[in-house]
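S.K.: Sequence:
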Amino acid sequence: MTDAKDNKDVKKDTRDWSVAWKNPFVIGWFAILIIVLSVNFFMVSMAIVTAPGLTVPDFYEKGKNMAQIIARRKHMEELGWQFDIDLPILKEGQDQEVTVTVLDKENNAFDVDTAVLYYYRPSNKKYDGELALQSSGQTGEYKGTINLPLKGKYDLVMEITKGDEVFNLGRSIMVQDAP
228 MTDAKDNKDV
238 KKDTRDWSVA
248 WKNPFVIGWF
258 AILIIVLSVN
268 FFMVSMAIVT
278 APGLTVPDFY
288 EKGKNMAQII
298 ARRKHMEELG
308 WQFDIDLPIL
318 KEGQDQEVTV
328 TVLDKENNAF
338 DVDTAVLYYY
348 RPSNKKYDGE
358 LALQSSGQTG
368 EYKGTINLPL
378 KGKYDLVMEI
388 TKGDEVFNLG
398 RSIMVQDAP
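Residue 228 is where the sequence shown starts when you use my numbering, and the numbers rise one by one after that.
Keep in mind that the hints were calculated from the coordinates and are not lab data. Ideal Cβ placement from N, Cα and C applies to all residues, glycine included. Check before you lean on any hint, since a few could be wrong.
With a straight-line cut-off of 35 Å between C-alpha atoms, the simulated DSBU-like cross-links for lysine-lysine are [claimed, not checked]:
1. 380 / 289
2. 389 / 291
3. 332 / 318
4. 291 / 239
5. 289 / 370
6. 239 / 353
7. 301 / 249
8. 289 / 389
9. 378 / 318
10. 289 / 249
11. 238 / 289
12. 291 / 318
13. 370 / 332
Each pair of labels, with its calculated beta carbon distance range [as the list claims (entries may be wrong)]:
14. 391 / 312: 22 to 28 Å
15. 405 / 330: 28 to 34 Å
16. 337 / 384: 25 to 31 Å
Whole structure, please, built from the sequences with the hints as guidance.
M.R.: Encoded structure:
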C-alpha cells in the first residue's frame, strides 16, 4: 500500500498542451518543414539562374531526321575509318598538343580534307569551341594545340571530312587542376 505522503512528493505536470505552438514536437516539425521548403526554394532559384541552356530550340525538327542520323552512323561503320588520337591528360589553362592519325579499314594512314576537334563544356556553352588541326607533313597525321580554361568535364567531337564523306567520333574527358 502506498503512503499518502508519497503521493505529495510526485510533481504534477502543469504544462498546458492544449495550445499546439507550446508543444516542442509541433515546433520541431514546423522547423523541419521550414528548412526543407527553404532548401527547395534555393535549389529551384539556382537552377533557374544558372541554366546552361543546353536544350535545342527545335528539338522536334532535329528528332524527325533520326533515320538520317542512324543511316549516317551505319555508313560511318561501313567506311571503317578510325582515329588514333594522342591526347595527353589535359590541365586547365595549359597549351597541350593533340595529335590525330586517320586510318582506313586496313589500318593504313590516309590524308583528309579537314580535321576539326570540337569541344563542349556541358555546364557553360561560352567555353565551347573548335580546333582546326593542321597536317604535320606525315600521311594522315594532324596536330593542334588545345587550351581548355577550366577544370572539369568536356565533351569532345573529332570530325574529319574527305570529299563528301564526314566521319566523327565523340568522347567525354575530364580536365585536371593545373599544378
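S.K.: Quickly compare the C-alpha distance for residue 389 and residue 291 to 35 Å and report which way the hint goes.
M.R.: Distance ~27 Å between residue 389 and residue 291 Cα, so the pair holds.
S.K.: Holds or violated: residue 239 with residue 353, Cα cutoff 35 Å?
M.R.: 70 Å, violated
S.K.: Are residue 291 and residue 318 close enough, with their CA atoms no more than 35 Å apart?
M.R.: The given pair, whose Cα atoms are some 39 Å apart, is violated under the 35 Å limit.
S.K.: Are the Cα atoms of residue 238 and residue 289 separated by 35 Å or less?
M.R.: With a Cα-Cα distance of about 77 Å, the restraint between residue 238 and residue 289 is violated, given a limit of 35 Å.
S.K.: Mind checking the alpha carbons of residue 289 and residue 389 for me, to see if they're no more than 35 Å apart?
M.R.: 25 Å, holds
S.K.: Measuring from beta carbon to beta carbon, are residue 405 and residue 330 in 28 to 34 Å?
M.R.: About 33 Å separates the Cβ atoms of residue 405 and residue 330, which means 28 to 34 Å holds.
S.K.: Straight-line Cα separation of residue 289 and residue 370 no greater than 35 Å?
M.R.: Roughly 32 Å between the alpha carbons, so the hint for residue 289 and residue 370 holds.
S.K.: Would the pair residue 301 and residue 249 pass a check requiring their Cα atoms to be no farther apart than 35 Å?
M.R.: 71 Å, violated
S.K.: Is the hinted pair residue 380 and residue 289 satisfied, with a Cα-Cα distance of at most 35 Å?
M.R.: 25 Å, holds
S.K.: Does the hinted range 25 to 31 Å hold for residue 337 and residue 384 at CB?
M.R.: 20 Å, violated
S.K.: Run the distance test for residue 289 versus residue 249: straight-line Cα separation, threshold 35 Å.
M.R.: Not OK: residue 289 and residue 249 at ~60 Å, beyond 35 Å, violated.
S.K.: For the pair supplied as a hint, residue 332 and residue 318, confirm whether the alpha-carbon distance does not exceed 35 Å.
M.R.: Between residue 332 and residue 318 the Cα gap is close to 33 Å, so the pair holds against 35 Å.
The structure is inconsistent with the numbered hints 4, 6, 7, 10, 11, 12, 16, although it conforms to all the rest.
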